[in-house]
Structures are given as structure tokens and as C-alpha cells.
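Those protein sequences? They're chains A and B, same order as listed. Numbering-wise (the numbering used here), the first sequence opens with residue 1 and increments by one. Numbering-wise (the numbering used here), the second sequence opens with residue 1 and increments by one.
Please note that the accuracy of each hint is not assured.
Identical copies look the same in the list; a pair holds intra-copy or inter-copy alike.
[To be verified] Each computed SDA-like pair below joins lysine to any residue, with the alpha-carbon atoms no more than 25 Å apart:
1. 268 to 236
2. 273 to 194
3. 273 to 316
4. 268 to 97
5. 146 to 123
6. 146 to 192
Hints listed in this document are in silico derivations from the structure and should not be mistaken for laboratory results.
2 protein chains.
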Amino acid sequence: MSFLHSQQLNIMTNSTAKALIWTGKSLDVLDQRVLPEITRYDNYNDANGVAEAIKSMRVRGAPAIGIAAAYGVVLSVQAHFSNSTNWKEAVLADIETLAQSRPTAVNLFWALDKMKAVLTQADDTIVDAITKCAVQIHADDLAANKKMGDLGAELLVGAKGVLTHCNTGSLATGGYGTALGVIRSAVAQNPTLNVFAGETRPWLQGARLTVWELSQDGIPATLIADSAAAWLMKSGKIDWIIVGADRIAANGDTANKIGTYSLATLAKQHGVKFMVVAPTSTIDWCLENGDGIEIECREARELLPACYDVPNSLVSAWNPVFDVTPATLIDAIVTEKGVVLNPSQQSTGIASLKND
Amino acid sequence: MSFLHSQQLNIMTNSTAKALIWTGKSLDVLDQRVLPEITRYDNYNDANGVAEAIKSMRVRGAPAIGIAAAYGVVLSVQAHFSNSTNWKEAVLADIETLAQSRPTAVNLFWALDKMKAVLTQADDTIVDAITKCAVQIHADDLAANKKMGDLGAELLVGAKGVLTHCNTGSLATGGYGTALGVIRSAVAQNPTLNVFAGETRPWLQGARLTVWELSQDGIPATLIADSAAAWLMKSGKIDWIIVGADRIAANGDTANKIGTYSLATLAKQHGVKFMVVAPTSTIDWCLENGDGIEIECREARELLPACYDVPNSLVSAWNPVFDVTPATLIDAIVTEKGVVLNPSQQSTGIASLKND
Numbered sequence: 001m002s003f004l005h006s007q008q009l010n011i012m013t014n015s016t017a018k019a020l021i022w023t024g025k026s027l028d029v030l031d032q033r034v035l036p037e038i039t040r041y042d043n044y045n046d047a048n049g050v051a052e053a054i055k056s057m058r059v060r061g062a063p064a065i066g067i068a069a070a071y072g073v074v075l076s077v078q079a080h081f082s083n084s085t086n087w088k089e090a091v092l093a094d095i096e097t098l099a100q101s102r103p104t105a106v107n108l109f110w111a112l113d114k115m116k117a118v119l120t121q122a123d124d125t126i127v128d129a130i131t132k133c134a135v136q137i138h139a140d141d142l143a144a145n146k147k148m149g150d151l152g153a154e155l156l157v158g159a160k161g162v163l164t165h166c167n168t169g170s171l172a173t174g175g176y177g178t179a180l181g182v183i184r185s186a187v188a189q190n191p192t193l194n195v196f197a198g199e200t201r202p203w204l205q206g207a208r209l210t211v212w213e214l215s216q217d218g219i220p221a222t223l224i225a226d227s228a229a230a231w232l233m234k235s236g237k238i239d240w241i242i243v244g245a246d247r248i249a250a251n252g253d254t255a256n257k258i259g260t261y262s263l264a265t266l267a268k269q270h271g272v273k274f275m276v277v278a279p280t281s282t283i284d285w286c287l288e289n290g291d292g293i294e295i296e297c298r299e300a301r302e303l304l305p306a307c308y309d310v311p312n313s314l315v316s317a318w319n320p321v322f323d324v325t326p327a328t329l330i331d332a333i334v335t336e337k338g339v340v341l342n343p344s345q346q347s348t349g350i351a352s353l354k355n356d
Numbered sequence: 001m002s003f004l005h006s007q008q009l010n011i012m013t014n015s016t017a018k019a020l021i022w023t024g025k026s027l028d029v030l031d032q033r034v035l036p037e038i039t040r041y042d043n044y045n046d047a048n049g050v051a052e053a054i055k056s057m058r059v060r061g062a063p064a065i066g067i068a069a070a071y072g073v074v075l076s077v078q079a080h081f082s083n084s085t086n087w088k089e090a091v092l093a094d095i096e097t098l099a100q101s102r103p104t105a106v107n108l109f110w111a112l113d114k115m116k117a118v119l120t121q122a123d124d125t126i127v128d129a130i131t132k133c134a135v136q137i138h139a140d141d142l143a144a145n146k147k148m149g150d151l152g153a154e155l156l157v158g159a160k161g162v163l164t165h166c167n168t169g170s171l172a173t174g175g176y177g178t179a180l181g182v183i184r185s186a187v188a189q190n191p192t193l194n195v196f197a198g199e200t201r202p203w204l205q206g207a208r209l210t211v212w213e214l215s216q217d218g219i220p221a222t223l224i225a226d227s228a229a230a231w232l233m234k235s236g237k238i239d240w241i242i243v244g245a246d247r248i249a250a251n252g253d254t255a256n257k258i259g260t261y262s263l264a265t266l267a268k269q270h271g272v273k274f275m276v277v278a279p280t281s282t283i284d285w286c287l288e289n290g291d292g293i294e295i296e297c298r299e300a301r302e303l304l305p306a307c308y309d310v311p312n313s314l315v316s317a318w319n320p321v322f323d324v325t326p327a328t329l330i331d332a333i334v335t336e337k338g339v340v341l342n343p344s345q346q347s348t349g350i351a352s353l354k355n356d
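Between the sequences and the hints, there should be enough to build the whole structure, so can you do that?
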């Protein structure tokens, strides 16, 4: 038992599930569309292939998309640099293709801009330089996640149970994860911590990805229907809800997967604390508050049985992808630069995170 | 348009979807397991068949189960009365088989007791008497639902939108429905009322049954993920949440489908009103409050992807079927005997409903 236990802790620290594996000459992409039933990596050796992997949602999660695109640029430079005097044009065309793969993920454009800047360096070292940049983007994301894991876990000392929503783990990032990274670090320190995951309709990221990822690392997890979260809180089994973020306004209002606002409202009613974990790159300093965040509604057919998806159907669906949780409902925002407790009660809000 | 409109209202009043159709010699049971893709009635001409229809969940919903069982007893008497001098023994054995079909539905035993009492009447009119009793149980349930529909709809005057949870309609009852009956009546009076339905994980009664039933009656409905309900409330699109009940304690605390407590808590936070619709037979006067209601947890595999349903899996699920909503979160309890507003603020609570 104790042997198994130390083995489990070792596995936990390293986080076995990987969305992306860079081989030096190609990128292996875990096809997240077929998890948890099938664990299959597809191998890509050119930028078009990587763009297709992003477009088809084999890889999802904003940080993971950015990292995949960076490796796509490396593959492009490897392919074109020695073959053509116009290699830069070919690479820029590939970057454009990668940029078109998903229209809304900010990390994608951020990573491609970083890669594009490297193309101005001296030709004789360009392959090494571009590879180094992609590997660094990947390593920086992983390091930020581990840092957030440590900072968040400090807040969980003494907690009996936590609930998370959606998937914010290795599969969505360069490794370890944001909210799920905090849970990994907390479980490493306190293996008796009970981890609950909401199944996260309609895409079931919790049921398909989060509990799979945790089980790969030897961490027991308990799945619940999203609508059972309030009853779980009332049972006294959880002390914290821990989520990631898609966009954080300057006042701390946080856009995240649909259902997050519900959980935060219910947490306040039940004395359960609410933690948002995200790198500072997720903060949109130009947005005064969450009112300015446009909420994307996706297609009704993600929710509707197929028989209703017909012309003039009386049955429709309202399918917002995100919601906005006001900072007043958030007890802690954890970033790689530090933690802001009770962001709505700080005179400076989360501005302390703005500068290095 | 106005012709279509009056046609729609006519359809609404009659509620086209029927869980059970009594032919006089057999019972047609709508197989709810394959809705909405397939609309298929299975025909049963003996009590054993009806017991199997209940056991296999072709028919579900406590009132509908009770009515089906009553018709099962009619079929038993029809089969045995003229064939045997020991016909009563054979019928009592069939009643026992029907009673074993589902262990927990109170209406099942209530209906079988009523039918059993008829067996003591004179032999020469027994077939007519037993048939009359079953038809009366069915008619009484439908009448109670229409009465509740009228009473509940009075509370909805001026409402723009409502949200319901699970399935409480014709499919779960003798017709028309409880919470869904109120929505039918309200839409008949105000065709612009927006009706939202939560999909109701894990069994998706909302997605599979409620929106199907409404569309059969020409009532447009919008499906949402259960976790989107809070964001819907924040949007200001709904004024009331309307649900049924599985058991109501003497103080008004209400056990209902998992997710109901979450909706009631969120409703209070958003100034949305919360209505429970159930016949007085749902009230358990022996229960002082909701603390005494045992919550059934169903199998993990209702939630878990199949690959986790293996020995020693690190992934489990917590799958409570019901939760309890305290009376303090309920604005109205609507029964066939009348409405109790703000049950927790009345000095007599819901006791006014106790006597005829």
C-alpha cells in the first residue's frame, strides 16, 4: 500500500496524460475526440496537418492550441528552409493557415506572433532558434501551471473535498493544467482529498477528459451530474470549487465554461469557497468588467436529439458556451504571478498582477 | 395564422401525447424508452404483460404506473372470471405480480388497493365494476391535473417565460400532467409564453420527453443544459420555475428530481419564483420535514462512460436521483385542492390541504 502510494505520488507530480508530444521531427497529437474509450495519437509532420488537428478539435484548450501551432511553425521551417530561397514566404503562408484553424483562441495568435518574430533572426541558426522558441512556449506554460498548482494548493490545506468543472488539465494546456494542476498539487500533499468533477454538458469534458486524466495519474475521482452540485455542496462534502478561465476582466469578473456562474452562485449560498486558476495572459486589462464579454452561443444540435434538428421544428435549444462569474462571487484568483484573495474587496482589485 | 392558432389551442387543451390507451380489451403502452426517435405503442392483453411494461420502464412516472397497473387488474379479471371457479385467486396472484413490478412507486400500491377492494363486490357485475374503477382512477388523475393546470396558470398571468425540469406531463400521468399541465394551461391563455426545459441529466427526461410532448401539442419549447439555468435566470428571460414532486413533507419541503434544489436556490438569488405542482396524494403527512426523506442513489454507470465501469476503477460517480428543496425556497405549492402561497410563511403551513 505504501509502495503503491509513493508510486502514485510520483505519477501525480509528473502528470502522465499529454495532449502533445514533440518528437523533434513531428508532433504527436492525442485525439481528444475519442477519449476516454480510445487513446490514440495522430502523428503530424507538416504545418497543414497540425492546422487540421486544431480545426478538427483533436486538440482543444486555448494553451494547448497555441503550443500545437508553435510546433506547426517549426515543422514548416524544417520543411522549407533548406529547400527554397523563398522559404520565409512558404512559412508565412503556413502561419496564415495555422491562424485560420480556430478563429477565437487568443493563445493561438499570441504563440504565432512569438514564432513569427523569430523568423527575423539570422538564417544560419533559424532551425534551432525556431525550435527553441516553440519548446520554450511549451515549457513556460508547463512551468506557469506548476507554479499555479503550488500557490493554489496552499489555499486547500485542511480541505476535505473539491469540485471542478470542464477540463483544465494536461489535455487543455502544455501539461499539468490550471485548475486541475491545483488539484494535482493538492492531492500530492493530501492524498485523502476527495476530488469531484462535474460532467459538463453538453460536451462532457468532465466525464470524458477530466476524470480520465486524473485516473491516468492514479488520482481517484467522482463524477457528478452538473445539476447535483448544489446537493453535493449541501452535503458538506466539498470546501472549494476550482475552475479555469477563458477571459478575466480587469475587475476580476471571469468568463468560463457554461455552468461556472451557477456553481459560484451556489457556492456563496453554501459557504463553499470559489477559486479561479488562470495564467495572467488570460486577463484582458482593456475590459473594465464582465459586462463587456460577449457570450458565444453554439449550435442547438449540440443539445438536441437529432429528430428535432429539422426545418420548422417547434423544439429549439439555447446553448451559450460560456457565462460570466462576477468577481464578488470569487474567493481567490490564482495566477503564475501570485494569488489575489477576494478580488472584489481589494482596493486595487487584481491590478497587482499587472506588472512583473 | 389565426386558424392555425385556434387549432393549436384545441390540441393543447386535449394534450395529444398519451402514455396509456385503454382499448376495452387491452392496454396500449407508449414505449418511452425509445422516444423521441421512435413513437411506438406496445399492446398488452394480460396482467403479466402490463407488469413487464412497468418493470422495463416502457411506462414511468408514478401516476402513470398506478393507472397502468389498474388496467392490468382489469385484464386479469377479464381473463379469469368466466374461466375458473377460483378466479379470485388467479387475480390476486396477478395483483401480486403487478405489485412486484416497481418497488418504490407509492401510486402503484394505492391503485392496486383500490382495485382489490372492488373484488369483494357481487360476482355478476364484477367485470363492469372493476373496469369502471380503473377508468375512474385514470379519469380522476386527468381531472386533478386539469384543475392544477387552471390554478397554476392563474399565478402565471403576465409571465414572459418559464423553466421546467424533468418530465411531469401526459407521459408521467393519466394525461395533461402536473407541472407541465400548468404550462399547458398557461400557454393556452398566453401563447407568447416562452417555455424552457432543462435536459435533466442523467436520463434526459427533459430532452427526450418534455420537449417532445410539448411539440406534439404545438407548443414551442427551448431546451437548455441544466447548468445553463442560472445564466438563463440572470438574462431575465424567465419569471417562474415550475416542477413536479415525488414526495412533499408536512411542512412543504419537497423531494423531486435531482437538480430541483439547485434551481430553487438559484431562483431565490435571481428573484425568479418557484412553483411545485403535485396532487395532495404526494403529501406525506407523517413526515414532519424533508430531513426524513431518504435520497436514493442510483448506479454510477448511468453517468459514467462504459470504460470506467470496471473492477478497481479509480473513477466512480455519485448519482443521487432526488434532492430535497426546503419550503423556504418555494413560492407556491399547487394541488387539486388549492394553492398554498409561500408555504413556509403560513402559520398552518400546507395543513389547509389536509382535509376535503
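If the cutoff is 25 Å on CA atoms, where do residue 146 and residue 192 land: within, between, both or neither? Let me know, please.
-> For residue 146 and residue 192, only the intra-copy Cα distance (21 Å) is at most 25 Å; the inter-copy one is 53 Å.
Please work out whether the CA atoms of residue 268 and residue 97 approach to 25 Å or closer within one copy, between two copies, in both situations, or in neither?
-> Answer is neither; intra-copy 45 Å and inter-copy 49 Å both fail.
Since the copies are identical, ignore which copy is meant and state whether residue 268 and residue 236 lie within 25 Å (CA to CA) inside a copy, between copies, both or neither.
-> both (13 Å within a copy, 21 Å between copies)
Intra- versus inter-copy proximity for residue 123 and residue 146 (alpha-carbon distance at most 25 Å) = neither (35 Å within a copy, 81 Å between copies)
Should residue 273 paired with residue 194 be assigned to within, between, both, or neither, using CA atoms and 25 Å as the limit?
-> Result: close within a single copy only, 15 Å intra versus 35 Å inter.
What label fits residue 273 with residue 316 when the C-alpha limit is 25 Å: within, between, both, or neither?
-> between (35 Å within a copy, 24 Å between copies)
Checked against the numbered hints given earlier, this structure breaks hints 4 and 5; the rest are met.
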